[in-house]
Structure formats: C-alpha cells, structure tokens
Amino acid sequence: MNAPETHRMIGASVKRKEDARFLTGTGQYTDDLILPQQSYAVFLRSPHAHARIASIDTSAAKQVPGVVAIFTGADLAADNVGGLPCGWLIHSVDGKPMHEPAHPVIAHTKVRHVGDQVALVIADSLGAAKDALELIEVDYDELPATIDTAHAADPGQPAVHDDVPDNTCYTWGHGDKAATDAAFAKAAHVTTLDIVNNRLVPNAIEPRAVNAAWSPADDSYTVYVANQNPHVERLLMAAFVLALPESKVRVVAPDVGGGFGSKIFLYAEDVALTWASKKVRRPVKWTAERSEAFLSDAHGRDHVTKAELATDADGKFLAMRVHTIANMGAYLSTFASSVPTILYATLLAGQYATPAIYAEVKAVFTNTVPVDAYRGAGRPEATYVVERLVETAARELNIAPAELRRRNFIRSFPYATPVGLTYDIGDYDTLLKRAMELADVDGFAARRQASEQKGKRRGLGYSCYIEACGLAPSNIAGALGARAGLFEAGEIRVHPTGSVTVFTGSHSHGQGHETTFAQVVADRLGIPLENVEVVHGDTGRIPFGMGTYGSRSIAVGGSAIMKALDKIEAKAKKIAAHLLEASADDIEFKDGTFRVAGTDRTKAFTDVSLAAYVPHNYPLDKLEPGLDESAFYDPTNFTYPAGAYICEIEVDTDTGEARIERFTAVDDFGNVINPMIVEGQVHGGLGQGIGQAMLERCVYDNESGQLLSGSYMDYAMPHASDLPDFTVETAKGTPCTHNPLGVKGCGEAGAIGSPPAVINALIDALAPLGVTDLQMPATPHRIWSALEAARTAKQP
Amino acid sequence: MAISISLTVNGAPVTANVEPNTLLVQFLRDQLRLTGTHIGCDTAQCGACTIHLNGRAIKSCNILAVQAEGADLTTIEGLSHDGQLHPMQAAFRECHGLQCGFCTPGMVMSATALAATHPDLNEADVRAQLDGNLCRCTGYHNIVKAIVQGAAAMKPGVAAAAKAA
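From first to last, the protein sequence lines are chains A and B.
Quick note: the first sequence, position 765, residue 765 per this note's numbering, numbers continuous.
With the second sequence counted from 1, adding 1000 to any position gets you this note's numbering.
Calculated from the structure, these hints are not laboratory results.
Ideal Cβ placement from N, Cα and C applies to all residues, glycine included.
Just so you know, not all the hints are guaranteed correct.
What the hints assert, rightly or not - What the simulated footprint calls covered on chain B by chain A, stretch by stretch (three residues with Cβ under 8 Å from a Cβ of chain A suffice, anywhere in the stretch; the number is not a length): (1) 1027 to 1037; (2) 1121 to 1127; (3) 1132 to 1146.
The task is simple: from the sequences and hints, build the whole structure.
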C-alpha cells in the first residue's frame, strides 16, 4: 500500500478487505445460514426433455416422516402465481413482438427440458425431503423433442410451445442490409466462415441457493439468495410473479461464490421457495447440488453462425454480413432475448472502421435448459465472429494478421459505428504494438522453428476486441426494448466520528467491491481505508440497485458513489465554512482537510462530521444536520474497454494435444482503481475464455434430449494444469470521457478477447498441414481429426 | 439410528451422535457449524470441502462422518492461530489468490498439505498437483503464485525466523 499519508488510494494495489473472512472460513454464503424452524426443500425434476404430465401422485410421498408439504404446478396455478418474466422485448424484422410463451415456476401440464421443475418437496430434514421425492409418482406422456440449435426452426420439428409452432422466438435484423449487400456485390474478396459458438455452463463454484422466510408479524418475506442483483430479483418477483408490494420483500444476497451472469436471473426456485415459506409458515432452504445446477442454471452462448467479410483488394474492410441462430432453450430466461441481439450485433464493428454491417438473428426455442447471459454475454460471440473473420481474411489475402488489423483500425473518436454504438475513445494501435512487444512476436519465428525441430507445430493468434460495458443510458436501453432502468444507486453515510459506510447497489461476488469502492471513497475524503465499510447485497439496507453484471460496477456503481461524494463534499464545505467563519466558496477540501483558501485556517474531516451530528455550533437555519447523501447515476453512454490479445500455442500433431506456451493480454480499461484486482479479473476471464476455446462444451443427446455433460466428470472445467501463466498488462489507457472516474470496466474482457486468439493460433500452427478451420472447443480429438481429414484430403 | 463418534476437531475433543449416512462435510457444516468447509459438487471433484484428516488433505464429501472416529481433523477455521493468518493464508491474500472465496478454504487446505510434503514447490509442480481443486474466478494464475510463496514461507527455517522477527 503506497503513500497512506496522503490517502492517495486510486491506482494502488491495496490488498483486499474481504479476504480475511474468506481465508478463515468465516464468510457467510447462503447455504451457511440455518434459520430457526428451518425446513429443507428439494425439487422433483423432469427426466424427460419433452412430455405431457398426465398425473402426479404425491400420496405415498406425503406419508414419509418429516415431510412438511409437497407442492406441484397445480398448487401454484390455484394460487395465481404468475410465470417468470423476460426483461427485454425484441421485435422481429416484420415488426412483430417476440413470442413470450408462459414460463411456469413449476411445470403444470407439460415439461420442456430435462430438469424442468415438477414438484417441490419440503421436509424437516434434507434426508426426509429426498426420501419423499423418490416416492412421487408422475405419469408422463413422452413427446418428441427439439434439441439441435441449427435445425430447431426447420419445418416439422416438434414445437416446444404449442403457441410457437415454428420454435422461433424472433427473427431480428440490425444494420443497413441494402448497403451491406451492395458492398458485398462489389467486393474484391469475400471471406466466409461457419461458426458454432459452443454452449457453456457457467459453473460458479458456489451452487445456487435460496433460504426464504415469511414473518407472520408483518406478513413480510426475507429471501436470502445467491444472486448478483438483489433489487432486480425483488422487483421481478414482487411485481411480476407474486403480486406483492416490494416493501414486504427483503432480498439479501450475502457472500456469493461467483456468478459470471448465472446469478443475475430470477429463477423458479427463488419464487417457489418464497411463495412456499408462507404456506408452510417456516423458513425453507434449497441448495442446488452440482448435477442439479447443470440442469437448472441458465447456460451460455450456443450460437450457430454464418459470417462473411467483404474486403477490397488491399484488405480494406467494406462490409460484414452475419446470420446467427441463437438457442434460447425451453423458456425465455430473464435477459435471454437481449444477449444475441442488443449485446451481440452492436459489437460487430469491433475495433474496425467497417462501413456497412448487417446482422440477422433467429432466436429459437429448444427442449434444453434456458440460455442467458454468461460472462461477456453476446460480446464474446461477436468478438469471435469478427476476430476469426479478420484472421481468416488475412490468411486468404496473404497479409500479416497484425497488418490487416492496422489497415482497418478506427483512429478518430468519437466514432459512430454502423451498428448503433458511439465509441467515445480508444487507441488500438498502441494496444496491439504493446501486446506484440510483450509477446515477443519478433522471436516467434525462431520458436516455431524450434518446435518443428521437435516434430511439433507452433502458431500465433491475435484477437483485438472491443466491448460495450456499463450498460447503459436507461432511455436508450428502453428504446431498444429493456424493461428495466440501468442506472445505479449509492449512499455515503458519514458517521459522527468520521468513519464512513458506503451503500452500493452494485454487488460483489468475487470482484472485490469492498476494497475498490472503499479506495474511491477513502481517496476522495482523505480518510484511512480502514475507516470505510462497503455494504452491498441487501434491499433492506441499500436505497436501490441494479446489481453487478456486464462489467458495470465501477463505471456505473462507482459513478453513483462519486455523485454522492459530490453532495457530501458540498455539504461538508458549508459546515466547515460555518466553523471557520468563512464563505463556503472559499473552502478548499484536500486530503481530509478543509481550509480557507490561502490561509492556515483549517478544520479536519472529523471536526465537520462531528459538527454535523452534534450541531451546537451549526447553521441550523440554513442547513439540515447529518452527513448522509445518496445518489442515482444513469450513464450517458456505454464504456468501451478494448484490448489486444496474443496466444502462442504448440501442437503435438501425433496426438492433437495443444499447449498454450504464452498468452499475452494488454487491455485499456481507462483509469484503474486497483491494478491487482483488475489483473485478477483478467486472469479469471482468460481462464473461462480459454476453457471455452479448448475444453468446455455442454452436450445434449439430439434424440433423447438428455444432458450428456451433466457433472464435473463429464463437463471439462479448466484445471490449473490446463492453463498457462498469463502475461497481463493494463495499458495506461484512454480514460472514459463520460464518467467521473474515467473508468471502463474489466470483468468480462478476458472471456471476450481470448477464444478467437486461441483458435487463430491453432489454425496458424496447423494451416501448413492443410487445416483451415476448427470449431470450439478445440480438444485434442478435434485437432487430431482435423489433421487426419487434411492428410486424407491431400492424398490422391 | 444415530451412532456416537469421538474425534478431535481443530485441536478440541468432540463427541457427537451422527446418522450412519451423514457425510463428514455435512457433520462439519450442519452439526458443528464449521461452515468454512464448502460443498461445490457432488462427484468429489471441486475440492471445496478439503480438510486435513490426521495431517492428510482429504475431501470431506467423500467420507462418512463415522469413518472419522478417533481422527484428528483440521478445517479452515483451525488453520490460523492467535489472530495471525497461517503463512499460506497470508500468501493467498498477498498474491490475490482468491476472489469469491468459495473454493478458497479447500484451496488453502490442499495447499498447506501439499507444501508440507513438497517444501520446494515450483509453479509447474503446483499446477500438476492442484488437480483436485477447481476455481472458476482466478484462472489459477494467482493461486499458483500464492502456493509457491506460501510453501516457501512454511519452510521450518523461514517460519522460525518470521516468528523470531
């Protein structure tokens, strides 16, 4: 920790305040909580991908000692419990609103994916609940299932929802189709790729958990839940599903063990337990088992895309055309509809001045778990399309990949893309140059030769990504279909002795807000870091909040805190002016001291805070006592973090095994509050991005609809031995021009930028052997198969 | 039918009645309320439940409570003494080897056992040996650095010097 005397905290790699409890086992995650009179819930889940429920017999199950209650969809329907809402309305190219089929909290007449909830069992103990679950008899009439993304909307496919016979939620278009088609017609070269963006399971290591309690004293509910945005959870549940006033529902998201998007959403289990807690008049707790999480957490990605890039003879990009089929799963999860549209097609310009872009996205229903935002949410899919196209074009045009990128970089800001965003600032040349230095691109040829002498192949792959974070100006998001505001709230409560509690609507589930946000406040007020406590994740304590997702916490939540600090400073100056018998306009505030400008007359921060709460010598006729201010901040634009990533990989062509030898990431996040934490966020994103590129794939059997990768035995989570040591550098960067901290957000960058770098590196390694394309995950088997196919093709 | 077991947990004697099908991790979490030991999977792969049994790192989801009869257990709650973080805990903090904290107790317990048997760990050893613990937040980068640093700090000479200083 540097220079505590001047309290300059911004930019310092301060060790985290939250670590002490996590390292000593004293964190409090949802499942750690046992409430008085606690009862335990388990869900009976569908074993079938698609079936009508002919009957459910719970009579034997109800006889199990310790069973408190068993509820089915019929019980919720009888109580008028609504379906789960979708928070973003998308319109099809024909102007019609998307299809929003019912999303029942517990399946009523039909199950639509393996894992769909069929019954809720509540008992005195988990064991009793599980015993009872075994005795529920359900008579299913099995139906044929639709599973495969690419063919879900084909004629004759079974309809997941009777009211959506073609399984098409929407067909959405974005950009200027006519201009794009015209540019393709006159292009010197067209690069075409067929891309599968593999379906992933987020797999936060803490499984989802809920503990809901109803109070007979005031007919209110307290819901502890592993969630990323408790106010949104409360709003959706209270207003749209259970018809309760928000004032009767308190949602607490205590320590949360990772989210990566999967804990943004309002899940059926959260609603079912809240509703049931009043029915059984006891707290009800449910914690997902891992295999259950695979069947019930929203999955990510799952796109099938045909992408084309048109260039002139010099490699100048003329236009891009993208057709994507995006799998929504069986129901629309909370923000599912926005991910392959607003968060995807708007990013297709990447870092390049491509003049015309058109994207068409067909969202389809299938008999699989719902798909929604997962780290990056649309932006990794866009980046993968752009960066694979660019590198493939470079190879086809025989232009060095870095050179082709440089020829097309955006260099003048602000820059309005043809897909609806206006980048405020960036410097892509510098990022790429620095990444190439750190990756020692100059020395690559020698390393490649050394690999070849060992009988192996080595490749270098680039990815220059951009993302849009800090979602978003609420009015613009609203015009694009958002059904929620996208501001953030914060409150600064200065206590009489000068310590400070910060209340933020952002939520930390690993990001370190308790440290970063405290640094912002300590820096501004000139007080010791240990005097600042950050409170998050409790609708009962925090004014409001939109939570943490989309790398928005510091850009939007941090800005709300800065606005509240402006108010604190303005009021504190008035108090100081009174104490110093001066005009407030003459008061300077620096490093925790109020000074009459140009004099040695000062008051300490603590003198002012004490006066605010013991207002004996105080301008009570003009100023309220107290020093407690809140603020809401609604951004005026997205922020645009960008980076240049370079992957160097070595392939054993006999086995298909690939090892990343070097991975270099240079990111521009604007100003950085805590470099240690920011680099940690990049590391984590890289781990997930490399996981997507090389290991992870959620696999369904296309006939039966059974999830084949439903546990850690079957789903390839990255282990320490799968990942390289990373070279990560946060560039000095270009501060965001439109928020008070000049920050951009860093949480998703690694997962967005890394997958194309890995695949581009593999193709660079194997192109001399005839391999021109690989789908993710590039497992040894896929690499070896691609090599075999190329060998066979070469033979006469 | 409950069975009585006697064992030592974090240095203190414990006698309790457990059901025969109670897993050791459930006994620790639900009966002893030592909730620092976490459950992250149901196939004994994530390692969030790692504790020490007679000095060895084990996954407490993979053993029945009754099998721990007479054993000496250490959980994450028993690792630090006198308000001082264990050198491995301190190294995780110093190296930012944790984010959400959920895998952390298991990571630290695996790491301390690993360092005790392999005092001269390097990063490649750690990556190879850490196969039984999953982390989704850190990409392992800083965990690996923390374990190397923690192992160095745990060496008898180093620990004694640190205590004397």
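Going through the hints against the structure:
Only when three residues or more bring their CB closer than 8 Å to a CB of chain A does the claim for the segment 1027 to 1037 of chain B stand; here the count is 7, and the claim holds. Counting residues of the segment 1121 to 1127 of chain B whose beta carbon lies closer than 8 Å to any beta carbon of chain A gives 3, which reaches the threshold of three, so the coverage claim holds. For the segment 1132 to 1146 of chain B, the stated coverage by chain A holds: 12 residues have a C-beta nearer than 8 Å to a C-beta of that chain, and at least 3 were required.
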